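*Asks:* Put together the whole structure using the sequences plus the hints.
Those protein sequence lines, which keep their order, are chains A and B.
Every letter in the first sequence is one number past the one before it in the numbering used here, and letter 104, counting from 1, is 104.
Every letter in the second sequence is one number past the one before it in the numbering used here, and letter 264, counting from 1, is 264.
Bear in mind the hints are in silico, worked out from the structure with no lab data behind them.
For clarity, every value in this text was computed on a predicted model and none was experimentally measured.
Be aware that one or more of the hints could be misleading.
Result set (DSBU-like, lysine-lysine): computed pairs, CA atoms no more than 35 angstroms apart in a straight line [to be verified]: (1) Lys179/A to Lys519/B; (2) Lys121/A to Lys373/B; (3) Lys2/B to Lys87/A; (4) Lys87/A to Lys274/B; (5) Lys171/A to Lys175/B.
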Amino acid sequence: MTKSILLVGVGGQGTILASKILTNGLMEAGYDVKMSEIHGMSQRGGSVSSQVRYGEHVMSPVIEKGKADIIVAFEKMEALRSLDYLKPDGTMVVNNVEIPSMSVITGDEDYPDDVLEEIQKHVSAKVVDATALAREIGNERAANIILLGTIIKAMELTEIDWDSILEANIKPQFLELNKKALQVGQNAVNA
Amino acid sequence: MKKLMTGDEAIARGAYEAGVSYASAYPGTPSTEILENLSTYKEIYAEWAPNEKVAMESAIGASVAGLRSMVSMKHVGMNVAADPMFTWAYMGVNGGNVIVTADEPGMFSSQNEQDNRNYAKAANIAMFEPSDSQECIDMMKAAFDLGEEYDTPFIIRMTTRVCHSKSIVELSERKEVTPKEWTKNPGKYVCLPAIARKLKVNLLERMKKLAEYSETSPFNRVEAGDTSVGVIASGICYYYAKEVFGDKASYLKLGFTNPLPAGLIKDFCASVDKVYVLEENDPYIEAFVRQQGCECIGKELFPAMGELTPDVIRECVTGQKAATIEFDKEKLIARAPSFCAGCPHRGLFYRLGKRKDIMISGDIGCYTLAAGKPYSAMDSTVCMGASISLGAGAQRAFNMKGENRRVVTVLGDSTFFHTGINSLINTVYNKSNTVNIILDNRITGMTGHQDNPGTGYTAKGEETTAIVIEDLVKAIGVRHVFVVNPNNLKEVDETLDHCLAITDEPSVIITRWPCALKKFSKEDKAEFDSLFVTRNKVVSEDCIGCRACLKCGCPAMSYDKESKKVTISRSMCVGCDVCSQICPKKAIVKEG
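*Replies:* Structure, rendered in structure tokens:
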């Protein structure tokens, strides 16, 4: 059975690195894996998404609406935007971060203050403060790996040797930080 | 060895394994990473050409001289390269030659979604359509071998989802290919009318042989299953179809799609109760199927635009959508891409957008984002290099109508080298009076920082002659040429005033400041003083909350509703100083 993982966020949040590590781990574990990303205009502060599918034999690299087993949103508004991609009984993890879009900055739109409530109305989303947790372990930029940790836990992929996957994909000076981040992420969805 | 690769990486890998020695390209989403990856193989000479026509011609030259060569481009790039391509098909190859086109159903980063399979048919060039990364490798290798056997260049037609999706591939060794000998052969390579008439006969003969190959090609295969439904599909649509129909259908998977296999298609259609043709954009296969007298269901049911993803197919076939969570869409805010913090386009467009009685003729690049809020500083965008020539036409029309409206054209450095230069020659030669702005951010920005003729570096990172835009513009014959710092709003305003006052001649303004995301070269560091080493901050007591600064559209700035003050993100700000020049209270200052 093919599983579908959707990572959404804002350009620059590190969704691409997180999905790279995830897909390499899945491949090493013997799964067939496909991943789809849209590059280009979206890099300039726009919405970004990585679609990861794995199983015995994966056909389409894209996830259909209503078919994601788990969505991990690196930003609140992007969580809401992606909600109709989630299976009605799927898992939603939201990083409790608000990044204003240009329309908010220029005052053309207001960022609503009840985004999490709107999400919680429909699914029991797991809210994680990955940026704050990353700050606690020494670097805000590790938030993406903390969020990767939540996926690993929620999708029961903890048996994979993630440390060696991290070693192959992360610069040595950031390795310990990211190993810790991955553990912090797993613990965050345990609680 | 197994590896996860995007289609673009796999095309480069396939080229490497096929013994390709020469590659040229112009960057364009979603094709850019092909040449970027090719340039990492030491066995392959890889270069960025100023445009796709030049890239195509260089690759033709390398093939004629005896090497396996390739050229890659986004779909609209093939329009630029089409002139040499059509005649190249007549000539046939010496070293194998592959032309990769990356089409964009869905228009994620493009101005149209033309279906370049039509080019293969129109130019009589053999074509492959890969469905995943492994096929990218396999088809590249086959294209070089078959191309040399049948004496034809090959088109490989990719789409965004094939280019940018990763799947698992098996890597092989590089095949060492002995370069072909070059011998004088005007009967093959000099397309004079008398010679071209003979070559056309060869070309038509070759297509007949390729049509026979198509019938037995391993890339065209039937997967017999349930005969109630038959699906004919190519490219990514094959996997989309498998996702939807699974084992409840038979499939004719087409990988070699010009010429199409008439016999195979007829036999397949006869073996199933009904046939769906699944393809994105144009009814390319469908038209051929119908031409063979076969009934099929195609564009009357499936859309002729956008992606044909599984949910689209499912809804067309069953009329049903998957159950989804319904939520209050009113709560969504738009998140369009915008200029980065420190983007050197910001200062110019912030000021240009405030000008009255002008038409701004734009072009293709990051700066196309100036069309949107808060700048509203672009009135037309067509294709690479069009800003200057479209602007000249519009200016002439306004002049002929007796209107005072002035035309300002804007394009980037790489776009200027691409085809803008021809347009500027036209502007000078035909005595236009446009104001032309070249946004020289020292890199090809939108596609992710590729070098170009102005940067002083090649695709392989070697130092080369940097073409100086102001010298070039002057050599063309423009007499009013100004180089300005776009982060200095006063300088921008004064130069615009000056150039708009010149009514009888064209002028050129070069806004010169590097892209904030660029990896600065030693030349950049020497030329530009204190390059993004400072930050701006708001002195909170002095901020009156008027929000004037926010109208420069900087993502590093935000307004706090409670304190009614603006703040600047320390992690994002790079100290370009545009906002501080806007603040009426001088509340934005520099910090080290």
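*Asks:* Against this structure, judge whether each hint is valid.
*Replies:* Quick rundown of the hints versus the structure:
Proposed proximity of Lys179/A and Lys519/B is supported: the alpha carbons are some 28 angstroms apart, at most 35 angstroms. A hinted pair counts as satisfied when its Cα atoms are at most 35 angstroms apart, and Lys121/A with Lys373/B qualifies at roughly 33 angstroms. At roughly 32 angstroms between alpha-carbon atoms, Lys2/B and Lys87/A fall within 35 angstroms of each other, so this suggested pair holds. Note on Lys87/A and Lys274/B: the hinted pairing holds, with a Cα-Cα distance of about 32 angstroms set against a maximum of 35 angstroms.
At roughly 33 angstroms between alpha-carbon atoms, Lys171/A and Lys175/B fall within 35 angstroms of each other, so this suggested pair holds.
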